[in-house]
Structure formats: C-alpha cells, structure tokens
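Student: All chains should be built: construct the whole structure from the sequences, respecting the hints.
Note that the protein sequences, when read in sequence, are chains A and B. Everything in the first sequence is counted per our numbering, starting at 1139 for the first residue and increasing by one. Everything in the second sequence is counted per our numbering, starting at 15 for the first residue and increasing by one.
Once the Cα atoms are required to be at most 20 Å apart in a straight line, the calculated SDA-like pairs of lysine to any residue come out as:
1) B:92 / B:58
2) A:1234 / B:67
3) A:1194 / B:120
4) A:1234 / B:40
Just so you know, the hints here were simulated from the structure itself, not pulled from any lab data.
Listed here are the chains, written in short residue letters.
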Amino acid sequence: SQQGEEDPQALSIQEGENATMNCSYKTSINNLQWYRQNSGRGLVHLILIRSNEREKHSGRLRVTLDTSKKSSSLLITASRAADTASYFCATGQRNKLIFGTGTLLAVQP
Amino acid sequence: DAGVIQSPRHEVTEMGQEVTLRCKPISGHNSLFWYRQTMMRGLELLIYFNNNVPIDDSGMPEDRFSAKMPNASFSTLKIQPSEPRDSAVYFCASSLEFVLAGGPYNEQFFGPGTRLTVL
Chain A
1139 SQQGEEDPQA
1149 LSIQEGENAT
1159 MNCSYKTSIN
1169 NLQWYRQNSG
1179 RGLVHLILIR
1189 SNEREKHSGR
1199 LRVTLDTSKK
1209 SSSLLITASR
1219 AADTASYFCA
1229 TGQRNKLIFG
1239 TGTLLAVQP
Chain B
15 DAGVIQSPRH
25 EVTEMGQEVT
35 LRCKPISGHN
45 SLFWYRQTMM
55 RGLELLIYFN
65 NNVPIDDSGM
75 PEDRFSAKMP
85 NASFSTLKIQ
95 PSEPRDSAVY
105 FCASSLEFVL
115 AGGPYNEQFF
125 GPGTRLTVL
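Tutor: Structure (structure tokens):
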C-alpha cells in the first residue's frame, strides 16, 4: 500500500503564485524525497531531506519536514507554466522508496 | 551522461505473449529498481537489485513476472504469459546506494519508461 499521501490531489494556480503541496506518511523514515513527473515522462528527483533536518531549500523549492507529525511540505515559489507536472513524495525505509499518490499541479500562464 | 536507458519505449502485445523489458542503468550506479505505474495503484516498486543481486522482490505481483541483472550495466523484466491487467508504464531507476540499516540514502534516477499494452 502507498506510504505517502499527498494533499491536495490537484492544484491549479496562476503563473507567479506560490504552490504548496503536503505529504503525510505513517511510519518512521530516514529521509523523504520529492520527485516531479511531467506527463508521459519518468520521475525527476527534486530534493531530499533527512530525518534530522527540518527545512531545506533548492532554488525556488522549499521543503519542510516535521517528523513528530509525520508530514512534509513542498513549496514552489514564483511558479511558472513549466512547473506544470505531478509531484510525488517518497519516503525511504528498509532500503526502499515508497511513493505517495501525487499532486497534479497546473500552472496557468 | 546518457541517463537510464529503457527499451522498448512502447510495447503492444496480445494476451499470452512473452514480454521482455530492458534497462541500462547509469554507469557507476550499484542499485537498480523496477517500478510499475498505473492510475489505479500509482507507482509500485516491483524489485530492486544491489550489486546485481536481487535484494527485495516482494513487490513482484506473481510468478509470471521475473527479473534478472546479469551484469552491472543491464537488467531485464520479463512477463510470461502477459495479461491485460499487466498494462502499465514500467520504469527502471538506478542509484548509488548502500544496503545498510536505515537506507535508502540517495536519490534515484529514472528512465523514460516503457508503456506496455496487453490486448
């Protein structure tokens, strides 16, 4: 069964706005990763945050991790039409990545 | 760097036929993963190898599925016989990983996928 659950399932915003996606998980993890998938393509790694980290930045991406609440959020600032994609969180446990159900982000130009 | 290479990109076959999917991981990576993605079940890990050895195949749906990694630069996923419910996109991914308690520790690099349709 899926480990991570993303929220919302779908999000539509205007170019320039910020997009926030949330991920909840159920068991202890050693790290949490975010991936992007453009339609018809493979997944692309965005960022990895370890269980002892609370926040991490990469360009326009900001990820937070709250292990007490078993949740993470991905913030994309100043969104662009090219950010339109599905975003997945994945939790690392027992040498495997367990992917969530994904958030479909649509950025309107 | 060519990235993870998968072939074929599309495969259409009839029920009962054997299907073989191929993957070439990124050179230097020691872990290889096979995933299946469907609308209903999302992205599922089927099997993963570390240093060419299968570590966990608990995600392989049934005996019709088999995977091999004869060397560090090549892996196959075979379905025999194929069924319509096997229709999905199959992804191969590779990483530089260590099978230690508390892993995985690193990012995975995905191939473009093989879209399989079984009629």
